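**Student:** Please arrange chain W on chain L, whose structure you already have, making use of the hints.
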Amino acid sequence: MKNILLIFVKYGTHLLFVAFQIVCFTLIINNNKEHREIYSNTKSIFFSNFNNKVDQLSDYLKLDAQNDSLVRENAKLMDIIINQRSTTDIDTLSDTLLLQQYSFIPAEICNKTIHLRNNYFTLCVGSLDGVESMMGVISVEGIVGIVTKVSEHYSQVIPLLHSQSRISASVRGLNFFGNLVWTDSDPRVMTLEAIPKHAPVSIGDTIVTSGYSSIFPKDLPIGTITNFEVAKGSSNYLIDVNLFNDLNSLSYVYVVKNKLKEEQIELERSSNE
Amino acid sequence: MNSLLTKSVIRAILLILLQGLVFRRIAFQMGDFAFIHLFIYPVIILLLPIRTPKILQITIAFIVGLSIDVFYNSYGIHASALVFTAYVRDFVIKLLEPYSGYDVDESPTMSKLGFSWFLSFASILFFVHLFFYFSVEAFSFVFFFEIMMNTIFSFIASIIVVMLYQLIFRNNY
Chain L
1 MKNILLIFVK YGTHLLFVAF QIVCFTLIIN NNKEHREIYS NTKSIFFSNF NNKVDQLSDY
61 LKLDAQNDSL VRENAKLMDI IINQRSTTDI DTLSDTLLLQ QYSFIPAEIC NKTIHLRNNY
121 FTLCVGSLDG VESMMGVISV EGIVGIVTKV SEHYSQVIPL LHSQSRISAS VRGLNFFGNL
181 VWTDSDPRVM TLEAIPKHAP VSIGDTIVTS GYSSIFPKDL PIGTITNFEV AKGSSNYLID
241 VNLFNDLNSL SYVYVVKNKL KEEQIELERS SNE
Chain W
1001 MNSLLTKSVI RAILLILLQG LVFRRIAFQM GDFAFIHLFI YPVIILLLPI RTPKILQITI
1061 AFIVGLSIDV FYNSYGIHAS ALVFTAYVRD FVIKLLEPYS GYDVDESPTM SKLGFSWFLS
1121 FASILFFVHL FFYFSVEAFS FVFFFEIMMN TIFSFIASII VVMLYQLIFR NNY
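Taken in sequence, the protein lines are chains L and W. Going by the working numbering, 69 is the number at position 69 of the first sequence; the sequence numbering is gapless. Adding 1000 to a residue's 1-based position in the second sequence gives its number in the working numbering.
Derived by calculation from the structure, the hints in this document are not laboratory data. Each statement offered as a hint is correct.
With the C-beta cut set under 10 Å, the calculated list includes, among others, these residues of chain L facing chain W:
hint, residue
1, Thr13
2, Phe20
3, Cys24
4, Thr26
5, Ile28
6, Ile29
7, Asn30
8, Asn31
9, Asn32
10, Asn41
Note that the structure is predicted; figures quoted are calculated from it, not measured. C-beta atoms are modelled at their ideal positions from N, C-alpha and C, and glycine is treated no differently.
Chain L with its partners taken away, still in its complex shape (with noise of 0.2 Å):
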């Protein structure tokens, strides 16, 4: 007991000093805005990692129980696919309303980037798979972005929260469409611009791709309206867009296939010339 008031008088001043800073820290977590996104997204990135390892140890000790059960089912699924394989074309996705003209490749997310400016999405899938620079990115529940460069193995991916992305968008019933762009630094929110200020639009409208693109089919879903004020100075809307996607949870995205982009761009270079 004696010792550690003998500690206290000693290095008060330091203690001190450590006690007000995690106080006025609390403070600033708890009221400020900002600070509080920052801090609980470090926290999740540092403690991710500490799971990540503790996972990779257990996984480790684990591995010949799980190789057994997984060259039993294994056995099972070449049963299956080999006796399936003429009936079915597993990679197409068939739908009626897409008419055919898109298929869609799986792919997993390798490496990605949320908080900067111009952030990059990495995924494991590459032009053996059949994918292509300037092919469209979309999850289950939103778009994701478009591929710029293709390696062998892997792909980048030009994700919504760039400067420099723009989808064309529009209003899930009215034929006006704008361009989607990532002006805020917030991961949720996003920019339709050029949609003229006669449009009816009203908060909680959905946005949906508009299909004038060639890269995304028509009518997927993108996010509601939060917010819409016109520009000073100009005849067109601001809307704020609050995305249906989190991208900073997304794992699994496929890339979107689209069989008759060629066909489509050389009309359109032909009738240019």
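**Tutor:** The following block gives chain W in isolation, referenced to the frame of chain L:
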């Protein structure tokens, strides 16, 4: 000694009000260039009598910082930076100790210790304070460029104001 206490208290109150009501509203803005903010309240900590116990210095810094935060609506950012400034003040004073030593009952003002001594003293502590403040405000070194720009330009502006303040109130406060 008693007059020194009154002086310190009056100085603290006046500077907090000056910072919160006047300097907070002064913003030099030229288009995108908005990096200049005037900070004068660290002077309260700088000019505490040299002999003040460190625990007291840190406590005063916490209280002053929180009252500035009330004006700025920023809960704890100024307090954190000012507590840090108060924590390093004694090291800086020791570092800059002149040959003849200090008069420990007095405040380290310009009139007592000379222009160049006060300039280096205030420069070190203001730079530390501003850098810490803007780092905590941004809360991530992703924004390092903004932190440095804010620190450097606010530092230049604030130091000029502080030196003018010391020149004008040479003998009194």
